[in-house]
Amino acid sequence: MTEAKKSMFLSIIYAVIILSVYFFNLPLWIALVILAIIIAFELFLAIKKGDKFKMSINAVTLGLIILAAIML
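Counting from 1, position 16 in the sequence shown corresponds to residue 16 in my numbering; the numbering is continuous, with no gaps.
Treat the hints loosely; a few may be bogus.
[Stated by the list, open to error] In silico DMTMM-like cross-links for lysine to aspartate or glutamate, where the CA-CA straight-line distance does not exceed 25 Å:
id, residue 1, residue 2
1, Lys52, Glu42
2, Lys6, Glu42
3, Lys48, Glu3
4, Lys5, Asp51
5, Lys52, Glu3
6, Lys5, Glu42
7, Lys6, Asp51
8, Lys54, Glu42
9, Lys54, Glu3
Read the hints as simulated data drawn from the structure, not as lab findings.
Sequences and hints are given; from them, build the entire structure.
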């Protein structure tokens, strides 16, 4: 899967999760868990590729999602 297709696919998943929270009353903690799993997978792929910029961005994002889940 090319980088552009992967980015588009992930953007669609993010949009569906956010819209599900607003329109279908998906509990926020479930949405955060799904997002954390996706970000952790992205972090794993960035580590595998050795992309330090993506690793740092994904690590910070994952940390913020975990912090948000704790604050709920």
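message = Going through the numbered hints above, which ones does this structure break? Give me the numbers in ascending order.
response = none
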